[in-house]
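Undergrad: Listed here are the chains, written in short residue letters.
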Amino acid sequence: MEPLLSVRGLTVTFGSFTAVEDVSFDIHAGQTLAVVGESGSGKSVTALSIMRLVELGTRGKIERGEILFRTPDGDMIDLVQQSEDAMRAIRGNQISMIFQEPLTSLNPVYSVGDQVAEAVILHQGLDKDAANERVLEMFRLVRIPEAEKRMAQFPHEMSGGMRQRVMIAMALSCDPKVLIADEPTTALDVTIQAQILGLMRDLREQTGAAVLIITHDMGVVAEVADDVVVMNRARVVERGSATQIFESAAEPYTKALLASVPRLGSMAGRDEPAPFDLVEYQS
Amino acid sequence: MTLPVTGVSPEQGDLGPPGRQALRLFIRNKAAVFGLVLLAAIVFMTLFGSFFYDQDPSRIIARPLQGPGEGDAPALGTDYLGRDVLAGVVNGGSTSLTVALVAVLLVAVIGVSLGAISGYYGGWIDVALMRVTELFQVLPALLFAMVIVALFEPSTRSVAIAIGLASWPQTARLTRAEFLRLKNLEFVKAARASGASDFRIIWRVIFPNALPPLIVSITLIMGAAILFESGLAFLGLGDPNSQSWGLMIGLSRQTFLNGWWTVTFPGMAIFATVLSFSLIGDGLQDAFNPKLRGR
Amino acid sequence: MSPLVEVRDLCKHFPVGAGATVYAVEGVSLEVGRGETLAVVGESGCGKSTLAHTMIRLHDPTSGQVVLDGVDISTLGNRALREHRRKMQIIFQDPFASLDPRRPVGRAVAEPLLIHGLATGSEAEDLVADLFVKVGLEADMMRQYPHQFSGGQRQRVCIARALATNPQLVIADEAVSALDVSIQAQVINLMMGLQDELGLSYLFISHDLAVVERMSHRVAVMYLGQIVEIGPRRAIFENPQHSYTQRLLDAVPIADPRARRDRPLLTDEIPSPVWPAGTSPDRVVMREVVPGHLVAEEA
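Protein chains in written order, with this note's numbering: chain D, 1 to 283; chain B, 1 to 295; chain V, 1 to 299.
Hints in this document: simulated from the structure, not taken from any laboratory. Be aware that a few hints might be false.
Simulated restraints on C-beta separations [unchecked claim]: (1) V:S63 / B:V109: 40 to 46 Å; (2) B:V109 / D:G208: 20 to 26 Å; (3) B:L211 / D:R270: 39 to 45 Å; (4) V:R261 / D:E280: 29 to 35 Å; (5) B:A128 / D:K255: 51 to 57 Å; (6) V:G77 / B:L275: 43 to 49 Å.
Think of the CB as a built atom: it goes at the ideal place given N, C-alpha and C, for glycine as much as any other residue.
Given these sequences and hints, build the entire structure.
TA: What follows is the structure, encoded as structure tokens:
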């Protein structure tokens, strides 16, 4: 099957610094791909490059590579070659994104309902009433309790978990083909993280959207990903299905990374604490 | 009873829109409310005062330089020509307030647009606009305004424009600083990721968040503009055809020692107006301060 | 032998205006044994950091006692407190924020030595060099500035600073949470090695249960300012009794795609620790499951 989104040979620089080098991967409809790596690996820059947000306000530049996206009409277009106007029509509409900090990703001066409605009005050309209908539907989809009442609330009146649900509702409001989630649960408490991950998995099945999840957390990867791309120092180190990566990683970096991941239950049956059995990794 | 293990979060309570919270805090501030009442009284006097005290301030009605209560003088005495000081005070506010209002509108439009564009786009646009701003800032404001008024005919309009042109740099810098702070926040990034245009991001996303400090600053500039207008009028650069508090003081300065009332009452009117703006500005500053929220 | 630290019925309340109160820490009692790691786990707002900060008197407690090595430090005056402060040190989450960017890191490590009059001049320099080696850095790195270090190295510097006064108790307040996993694992191994070498006790404040399972001897679970379950690590992880402990453990993502579970799509949240005027939380009643393993009674 032809992929929905195909990144080929992507290289992104900030001045003389290469943040992403020769990165390639494919995402298919209905699939979740996790790009995993530690800080500075280039995973977030990769996500921003797909949205073509990396060049705005920073010195970032897409140096080489293609980002092929299959439009709803079935054409393959290269996002790197699109004009800013064309990208604006794609962002939030066909490809949407959620961010790490639900605390700050919502505008404090508008009610959450208005903010989601605005995205719908912008892309779908609905009137205010139809947009509000859609918002209510989305709030129910992401299981915000008392959705109608919540629509009138302001971000500061909501908890972090509820705000992230609002962000997800906003991201899904225009039926995107691809959802990019940049560390969507990192700022959340563990019980709330579990809820959001469950929700994302459920929604992917319901909407058929492809999900690109950017994370540093191997636990999150194991919970949601079908396929995994491991990044280190701007490059893809290893790729494979989630089970392949977790059970038979081939690359030394992946092995070292996995060895340092704390796993719940790994100490079962042992009375005394024990250090990690670290694997040496020289880059 | 034990601790509830699950439940819907009670949240932080219904705080309402950020603006409503600020209003609550403002109303609780006695000094600010006093300032607002004082300003309302002054505006009311300026708009409707002549219905209650129907006296032409430019008419000579009695012997000159009679103090309050002396001879046939009106309540606040007469000036050096024998005109009614009270009528002057009642009618003089309209010029001061009109000039200040127009000047402040000009300040807001120029300062906010330049500051917003400068802060949002950065780079060479920012450098160029900030050089222009600095140029206006280093010019001595009073001298600059005097030149403008002298170049054109002194009129309500030219005075207002002069004050506006001399006062906008502060607002531009403040707006720029707010935009620099806000443009990198996550919700701006999120707006961009949802396909919003630059125009939309500047005015619908960032600007409402930059408003609180701007409102405070504009309020204080309003007070300053009133003083500014009075200063120009005092120096003889006001509109000679209209009545204004500053003009009254300016014209009476020669006779001040023979009639304290000729300058004191218009002076008090200016003082009260500037004070009211100052108190309102301080009150708004506290009301918008997030550290005082929820109290 | 008596425990190193005994916390008895500690309370810390913050007024938040309009008569409401945050019951950040409410009637907490616990002990930390010598050479032992007690982990305090819970989600944001549960009061675990406030507990740590109150124990070392960064806040004054509202009521209750903190007995360190036989001395109640909860009511000591400033001067007497300083004597005892050197016995307990704290490491914070953000190694970026806790070092002065304009001073060489060696100075930061030497400072507690100088403040407590434990060493002077070249003597202090030698001690700092030793500490650097102890935490896995090179001695001549002490002349470098914080920006020349990576996050993990900075946290090592912070550990060296905490160890400078030869403390008996080190409080780690989310000390490894901001680090990349590979660095986190190294720092945890370092901390465990130092514990064996120096006989340190740790109070390990964390939200990460997998890390806690690695390095703790005993675990306390905090919820809304109170401890709802406390006991040996194995008891908490292998035989959790309180429903909140179970919920917390169930929520931890497991780094094994085959262990993927279907989760119920819950939307409930943690209630707020703010109590309006005239109300206050009920104290939980603890029952003993087996000696050393206590759990709060549930309705």
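Undergrad: Now tell me, hint by hint, if it's right for this structure.
TA: Here is how each hint holds up against the structure:
1. V:S63 / B:V109: 40 to 46 Å: For S63 of chain V and V109 of chain B the Cβ distance comes to about 59 Å; the hint is violated.
2. B:V109 / D:G208: 20 to 26 Å: 49 Å, violated
3. B:L211 / D:R270: 39 to 45 Å: The hinted range 39 to 45 Å is violated for L211 of chain B and R270 of chain D, with Cβ atoms some 59 Å apart.
4. V:R261 / D:E280: 29 to 35 Å: Check passed, 33 Å falls within 29 to 35 Å.
5. B:A128 / D:K255: 51 to 57 Å: 54 Å, holds
6. V:G77 / B:L275: 43 to 49 Å: 48 Å, holds
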